[in-house]
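Required output: the full structure, derived from the provided sequences and hints.
For reference, the chains in residue letters:
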Amino acid sequence: MKKTNIILLVVIAVAIGVIVTMVGDFSTYETFATAREKEGKEFHVIGKLDTLQAMHYDPIKDANLFSFYVHDKTGETRKVVFYGAKPTDFEKAESVVLTGKMNGNEFHCSKILMKCPSKYKDDQVVVSNKQL
Amino acid sequence: MKFEGEHLLPGQLGHFFAILAFVASLVATISYYNAVKVKEPLVRDSWKKLARWSFVIQSAAVITVFSCLFYILSNHYFEYKYAWRNTSRDLPTQYLFSSLWSDQEGSFLLWSIWNSILGIILIRTSKNLEAPVMTVFSLAQLIMASMLLGIFVLGYKVGSNPFMLLRHAPENQAAPIFQEANYMQHIHDGNGLNVTLQNYWMVIHPPVLFLGFASMIIPFAFAFAGLWTRDYTGWVKPVLPWTLFAVALLGTGIMMGAAWAYESLNFGGYWAWDPVENASLVPWLTMVAGLHTLLAYKHTGHALKSTVFFFFISYVLILYSSFLTKSGVLGDTSVHSFTDMGMTAQLLFSMLVFTVPSIFLLIARRKEIPGNNKEESTYSREFWLFVGSLILLIAAIQITFTTSIPVWNKLLSLTGLKGLFKMDDIAPPSDVMFHYNKIQIWIAIVLGVLTAVVQFLKYKDTPKGFFTRKIWVPTALAIVFTALIAWKGPITYDNYGAGFLTAIYIMLFASIYAIAGNFTYIFSGLKGKLKNAGASVAHIGFGMVLLGALISSSKMEVISIDRMKMLNDGFFRKESKQNPRENIMLPKDVQVQMGDYHVTYVGDSTATGDPKTYYVMHYERKDKTTGEVKERFTLYPDAFVNRKENALSSNPASKHYFTRDIFTYVSAAPNKAEAATADTTAYVAHEIKVGDSIFFSKGFMVLKALEPAPKNKNYIAEKNDLAVGAKLEVHTQTDDHFNLQPIYFIRDSSYQYSVEDTLAPLNLSVRFTKIMPAENKIELKVKEAAGFSDYVVMKALVFPYINVLWLGVIITIVGTGMSIVQRTRRTEKNANASTKKTPVNI
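Residue numbers (the working numbering), protein chains in the order written: chain A, 611 to 742; chain B, 7 to 848.
Any given hint could turn out to be false.
As the list claims (entries may be wrong) - Lysine-lysine pairs mimicking DSBU-like chemistry, simulated, CA-CA at most 35 Å apart:
#1 721(A) with 561(B)
#2 717(B) with 733(B)
#3 717(B) with 612(A)
#4 163(B) with 702(A)
Stated by the list, open to error - Per label pair, the in silico range of CB-to-CB distance:
#5 626(A) with 423(B): 16 to 22 Å
#6 626(A) with 601(B): 40 to 46 Å
#7 46(B) with 616(A): 48 to 54 Å
#8 647(A) with 95(B): 22 to 28 Å
#9 664(A) with 601(B): 17 to 23 Å
#10 616(A) with 66(B): 52 to 58 Å
To be verified - Far from chain B by the CB rule (all over 10 Å, computed), these chain A residues:
#11 643
#12 647
#13 677
#14 679
#15 685
#16 687
#17 689
#18 698
Simulated from the structure, these hints should not be mistaken for laboratory data.
The structure displayed is predicted, hence computed values, not measured ones.
We put the beta carbon where it would ideally sit given N, CA and C, even for glycine.
This is the structure in structure tokens:
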């Protein structure tokens, strides 16, 4: 067998090995309920901000504590605690992807990805303002 | 209905030229195709002539479309949706360009312009390869032009017209405002450009990146031309400088994006393994692999097939990256991606148009592609170039695999596999950075070592002893320097355990080895001839990029740690790892220690004509023992503040040293307007005698005496006044003394007045409201405002040796540029010298 072929086989083996170890890293999208079942493990939860309950960020007391309420896909509402400053434009977020874990009744997250409304929606908002 | 105040001409012109570009590129594609296929020379030449003219016409049309769109944006014609959506009247002129390419249509337009320019250069330079190469180019332009059509074909919307009027936009058609003829009178300003794009990097980064994207088609087109016309080797020489060009430009574009992220985004870094960043990095990796197999082929005749494969896959991956970012499929995983515009099918189609024929040709004609049947020696350069390329391929596969998670989800549900196995949607790893880093660090190690070593091997075979004689110098140098760093400034990054720290040290060695190896090669291998040292210079730069990335990220330090709160809770809790408390609150004018620095927030400032608010932060570095100030500087991190929502979109500011950057940004600031009106604290009444005290939160005050003829700047005595002043002495926790003198007086024997006295620094107001002669007491009313105190919440990081990274990028670009010059000269010289001279590879 040619050396090149051996190298190719090795490379394929390494690639497969790498991919297999990577898949182990992949996380899943969960709801608060399913995340609670596996408390202590990190998950992604997609949800919407609960605008009826106040979000709380008081930098004078603690600049690294931001809490808010989120409905998940099933409609369950939970308090979410984020150890960091309140992200910019957080109120505008249409939906949020939270990375973190359940801790008792609260969801402690280490990362927030906001999906801001598409510009398409923005258009509508402004146009309706102009009608007044 | 006739609408008033609209400027329809530029839009109509623009749309006309967009359609013209589509038609002309269609003609160019067909004509170039015929110029390849037809055998008859005269007919072939007339097809070629037609093709050239159509390509030039489409280029002119594309540039006109661009100009029309720019004209509309710069004149603020908000009747056009593109202008309304992406600009506003107060947008500085230079950012009009940023808004031009902030949407998909504009970015296609930019790409299309670069394609046109490169195409025209190739018409002039590619000689007998012109027809097949330009067929590929024209097809690419046809697809690009179709993205800007915005017309419906059989009920399917093809492309998106940038000249759409606001009133024609589907979401606006029902709106009552657009039923009025004079609707333009109600639209005064546009939506404005996303503030993170209002940065000078966003003016130059997209053009360079898209030039990189556009130039990636050249190696693809040459390789495709070679397979198609069965001229399997003729394209190799002219493609080499272009391959270098593509690698340099795409690399520059990517790193400019990194510089933008570093200077204007708040995630405190230049690289976050975001899907959009990854999508453009991957084709760069495969193109670098292709460049190296191409060199191996040129010198030995090995690896032509792999070169073709790498060139094909690189352009396909460029199209894939455009698909990922523009189809909206990344929505849940990336911060930068566009939202879906209903063009997913079209983007997918454009990818397949290039993928299917090229891969098909490669498979069908694989037997005809010349190769070298002799086995490579293990002591040959080509063997290790090939191995290195495969390592790059593994890196590309790994990055693509994880980046494509949303695509896997779509595929799994489309094929029904998800339902079959009851699978959940896959989500990206929860610690994305580490997920990539832990694999890519090993790849970087292997690449670093290969970069150091392989130059010392000769093509075909290396004489015994040559390699060992040359390699020991750089090896010794690298070991010494690594040991020196480990001793003088050790890396103690243990967040992921000792194993990862070991990997960091091995990579430290590998990157230094790459620098040392190529540096010594310039002298020992090239005898100091700098003219030929392009590759070595580029490799030194590459080693520096690895080194800079490694040191700046493993020794990056957050200095704005809120230690007070750490003691209160959490520091020793399980959470502490995810709870780094990296933001700190700075009250105005209070000095806070951060690392080696003492930082004071002294206020904010705005200027007319500049929408940003600047926060003034004084930094002082004091000598640890004497307390003497060694250094003073001021940083001005800024932010766009949306007063209505008090939303902050902040830009960092950095103090650059040669050896490190102090990186500062504001993560929150109070809403001053709101705080000023929100003062609703009530006065509290106290009845006291002379000598009594009243306590308040920051201290206490003592009633010293009652004065019959009081003086106060708010009180002008009149003749019949009966006035008494309460002489108060205020003591605070910090032993400051203040005097207050509120006044009570009766005017004209009937009206009672009270003149308040205030103490601004303590937010304290005191009124003298009553005298009770019977009890020998007076009544004071004291108000302590909730205390609007100005503050900012900030984050500060130290990036050590980040300049090594940036310098490395520049050196890599310079080195690649040197290679381009050297290779072009060599090609020209060969062409001039003789066409008969047999190239090495045949």
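Which numbered hints are broken by the structure, listed smallest first? 3, 8, 9 and 18
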